[in-house]
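Novice: Given chain E's structure and the hints, the job is docking chain C onto it.
2 protein chains.
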Amino acid sequence: MRYGFGVDIFGPNIKFGFFDEEGNLIDKWKIAAPINTESNKIIPAVAKEVESYLKKKGINEEDVIGIGVGIPGPVDRTGVVQKCVNLGWGVFNIEHALSGLAAMKVKAGNISTLSALGESWKGSGSVNTVFMAMNTGLGGGIICDGRLVRGNNGGAGEIGHIVVNKAEKEPCACGKFGCAEQYCSPAGIVRVARRMLTNTGAPSVLRYKKFFDYKDVLKAAEENDELSINVMNRVYEYAGQALAAVCCVVNPDTVVLGGEFCKIGQPAMEGVARSFKKYVFQANENVRFTFAALDTDACIYGAFKLVLDNYG
Amino acid sequence: MRYGFGVDIFGPNIKFGFFDEEGNLIDKWKIAAPINTESNKIIPAVAKEVESYLKKKGINEEDVIGIGVGIPGPVDRTGVVQKCVNLGWGVFNIEHALSGLAAMKVKAGNISTLSALGESWKGSGSVNTVFMAMNTGLGGGIICDGRLVRGNNGGAGEIGHIVVNKAEKEPCACGKFGCAEQYCSPAGIVRVARRMLTNTGAPSVLRYKKFFDYKDVLKAAEENDELSINVMNRVYEYAGQALAAVCCVVNPDTVVLGGEFCKIGQPAMEGVARSFKKYVFQANENVRFTFAALDTDACIYGAFKLVLDNYG
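Chains as they are written, first to last, in my numbering: chain E, 1 to 312; chain C, 1 to 312.
Chain E extracted, bound-state conformation (with noise of 0.2 angstroms):
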């Protein structure tokens, strides 16, 4: 049997995950991650992990596939980081420097695209499969006959900047306007609570709270303020047109919600798919929708699956 390491490089912690080359997770865990230092300390980190789990297992390292790695950003098919703001990052070779200190084959990937090559695999998707998460942002990933849809540049599955609403007038983090993530995000949903409490004069618990978040907006709505419930309805609205456009692209069979969106449970999903049946074409009718099923553990899981199917 040969085994390997799926790592999610999220922020403060790195998750490790050891798994054999069926899939099966043998071992996972956390290490607090050396950010904000002058130099970029993580890299080492990982590496010195994967030794130290090895050697202390006793497992040798001609038995062990490679390491997948999922960061939160774009990293090109060559390996390149473009930018990984989070992490304090600048441009390099990701695969290329974890690589070369743990000895190692090393393939890395979007946490986004990953999660959804994970979910696809092991989780509650298909080998045809779209995964949309409501995070920060709004992510999501692509995988096609069970293999990640990269792109040219590791952009493909940026789905949250599909333009949904051309009227828009306020602009996007990434500087259009209309993009899905302005409305399906925890920002956005505050974004259009606060702009509906401007231009209307609808009655709401919002206005009697000086600060508010995307929670107390769902919370409002799961407790009939009819101002939150549209606001909700507009995010669900978005989604779900975006979701068509991507179906018409892929053709996937499966749908798989995840992030924010499981949390928020049912309304989620039916808002989500009543949107989706006003705009869906004819050949995707029939695509199943699902929540995510393996939780934060879906970037570990599809990070092995990517060292998996290139160096398994």
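Please keep in mind that the hints were generated in silico from the structure rather than gathered at the bench.
Please note that a few of the clues may not be correct.
As the list makes no split between identical chains, a pair holds if one copy fits it or if it spans any two.
[To be verified] As a list, the in silico DSS-like pairs of lysine-lysine whose alpha-carbon atoms are at most 27 angstroms apart:
id	residue 1	residue 2
1	Lys176	Lys166
2	Lys278	Lys176
3	Lys278	Lys83
4	Lys166	Lys277
5	Lys166	Lys278
Specialist: For chain C alone, kept in the frame of chain E given last:
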């Protein structure tokens, strides 16, 4: 050296290409398609043509990889034609049918997506290509890492059915409202022109024609007819918007414009690229735009590539 066939069953004609395994086109020719007959005689005609060609050339069947077939309708991953109204076909497995009669491996796909594959392989595309062609409708095809994206039931690349205008009141042929194809197609162009003539008082040479078709609108636009220019700008606006969404999904390096876009030439390229730029996500800013290079041979190249990828 081994060989194979690429066949394009477009409608009135069936086009054959005979290739070597490196993709050099050795021969191409057409036969009339036996359509509008009581039973399906197209498949037997293809099998017979292949057999007689090999006999005439003295080529052994063992040296033939197989036959790739393009048809004007969706084909699922198992080879089942869902419906192909242009040919009067119902639901049947075209790969099994032709494979049985020709005693050869067969892979089939949709003409638009196989044209995309042909352009990606031997035309002006690359291994990561989005193909958009305006013919009767607005077709497309997606190539990721050199492989055709077919989707779950052959419906991938149906980018003409991305909803680009939620305010549309007239239904698309597919039953939804505001699909890109409702504007970016010959019938769509006439529809938009008629609507502008009715809803505005703008002067136009089209007012002096009881009947006009897409080519009249295009010609008037070229001659600076303002209303016609507005109609064509609407076409490019929606085509570029749809392409920006497609690129968010698959992050290609090349967009290939085919069909009528090639005939229109530079105004189409400039118009689509201008709109694309308005909506494009930063990861796709450097996507290259180009015209299709293989003209109507794209499908036979792609059809042969499909069988080569599967059985070569």
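Novice: Run every hint past the structure and note whether it holds.
Specialist: Going down the list of hints, with the structure as the test:
1. Taking the shortest Cα distances, lysine 176 and lysine 166 sit within 27 angstroms of each other both inside one copy (10 angstroms) and across copies (19 angstroms).
2. Proximity of lysine 278 to lysine 176 under the C-alpha cut-off of 27 angstroms is found in both arrangements, the shortest distances being 25 angstroms within a copy and 8 angstroms between copies.
3. Taking CA atoms no more than 27 angstroms apart as the test, lysine 278 paired with lysine 83 passes between copies only; the shortest distance there is 23 angstroms, against 37 angstroms inside one copy.
4. Taking identical chains as interchangeable, the C-alpha atoms of lysine 166 and lysine 277 lie at most 27 angstroms apart whether they share a chain (21 angstroms) or sit on different chains (14 angstroms).
5. In the homo-oligomer, the alpha carbons of lysine 166 and lysine 278 lie at most 27 angstroms apart both inside one protomer (18 angstroms) and across protomers (10 angstroms), since each shortest distance falls under that limit.
The earlier numbered hints are all upheld by this structure, with none contradicted.
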